[in-house]
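J.: Its first residue numbered 4, the sequence shown is counted upward by one per residue in my numbering.
Worth flagging that the hints you see were computed from the coordinates, not collected in a lab.
Treat each hint with caution, since some may be false.
Unchecked claim - Here are the in silico distance ranges between beta carbons for each label pair:
| hint | residue 1 | residue 2 | range |
| --- | --- | --- | --- |
| 1 | Asp30 | Gly326 | 34 to 44 Å |
| 2 | Gly326 | Asn180 | 15 to 25 Å |
| 3 | Ser164 | Lys10 | 18 to 28 Å |
All residues carry an ideal CB built from backbone N, CA and C; glycine is no exception.
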Amino acid sequence: MERITGKPKIFGTGLIALDLVMGMDPDSPVRSWAGGTCGNVLSILAYLGWDSFPIARMNDDQASQRVKADMAHWGVHLDFADCGPVSNTPIVIQKIRRDRNGIPTHRFSWSCPRCGGWLPGFKAVTLNAIETVTQSMSGAAVFFMDRLSRSALTLAARAASEGAIVFFEPSSVGKSNEKLFTEALQLAHIVKYSDQRLLAVAGSMQAGSNTLLEIQTLGAQGLRYRHRLGSEVSNWFHIDAIPAPRLADTCGAGDWCTAGFVSKVACGGQYAFQNGGVDKIHTALHYGQALAAWNCGFEGARGGMYSVDRHLFDDQIDALLNGRPCNPVPETIASPSTSVACPACSPNKSVRPPRTSSPRRTLKSAVAA
4 MERITGKPKI FGTGLIALDL VMGMDPDSPV RSWAGGTCGN VLSILAYLGW DSFPIARMND
64 DQASQRVKAD MAHWGVHLDF ADCGPVSNTP IVIQKIRRDR NGIPTHRFSW SCPRCGGWLP
124 GFKAVTLNAI ETVTQSMSGA AVFFMDRLSR SALTLAARAA SEGAIVFFEP SSVGKSNEKL
184 FTEALQLAHI VKYSDQRLLA VAGSMQAGSN TLLEIQTLGA QGLRYRHRLG SEVSNWFHID
244 AIPAPRLADT CGAGDWCTAG FVSKVACGGQ YAFQNGGVDK IHTALHYGQA LAAWNCGFEG
304 ARGGMYSVDR HLFDDQIDAL LNGRPCNPVP ETIASPSTSV ACPACSPNKS VRPPRTSSPR
364 RTLKSAVAA
C-alpha cells in the first residue's frame, strides 16, 4: 500500500450544483454559490488547505461559470471540471423559512419559479473522465463520491489501488442503482449517511467489503459510528451533537462534518488511516461536528465561508470544541452582481408568476454573494 505524503489531495465526483439560496429576509437578494454534496465537501476542504479536484461535466453556461468562479475563489482546482461530453450544471433552489415553532427550516426545489420548467439535473461523468483523470490521480489521499456510475466506481478503484481512501456518502440507494450501490459498499473504506435518508446500509461491514468505518448522522441527536480497525466489527459508538451557537440554517451541516472529519484523519491515505487508531477517529468526528454546528449560524450550505475570515474561523471552532462562548459574526449579504438565467427560459416563452413574495427573488435575478 502506497504511503501518501505532501499536501493532501482529494478527487471527487458526484453532485456539483449551483445553489440558489432564498434567505429568510424577503428583501434580500438570491445568493448563488457552488453546492451539492460533492461540491461543498471539496470546496470546504480547499478552504481547509487541501488540493481539491472535482470531476464533472460542466459546460460554459451561466450556472457553470458561476460554480467554477466560486470554486476557484476558494482554491479548488478545475482541471477536470469540464470532462466531455459537457452538460448544463445542475441548479437547486433552496428556500429558507421558519416552521410553526419559529425554527429555521429549508426545502429544495428543482423547478424554475419563472417558467415552471425543470432545472438541469445531475449527469454522471462518462468513460471520457477515466481517460482524462487517472494519470493525474497518483498521490491522492481521498476519492469522494456521492452519486454512482460505472465511471465513478472505476475511478474510485483506481484511486484505492494507489493508496487513497474511498469515501462514499450516499443519499439513497435507488432501484436502478442497486448493483452499483453494492459494488460501492464493497469498494469504499468509509461510508457515511444520514438517518433521515437511509435507516441503515446493509452490507457495508460484511465479509469481502473494504469498509473500515461506517458513520450514521442523527441530526440534533449527533451521530454514531462503528469500525473494523481490529479483528472484528466494533459496537456502535455515539457522539452527542455540539449545539449550534446560532441557528440560521442547517443546510450543509453534514457536508461540513464530512470535510472536517476527512481533514483530520485522511491526509495520509489508507495507510495512515488504518494505523491512526480509534481515538483519532472519535476526535476527528467531534471536530467535524463543531464545523457543522458553526455553519448552522449562516444561511446556505457554506454561508459561513463568505462572512468569516480563516483566522476568526479557527478561533470560533476552537471555542466550540472547548466549550467556550462562540458568537458568530452576522453574515454578509453582498449586493447583486451577476445574473443566472434558467436554461429552460426563452424570451418568447410565457412567464408564470414567480412563486416568491418579491420580484427581486426570481431566478432571473439570482446573484453571486
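J.: Honestly, which of those hints from before does the structure not fit?
T.: 2
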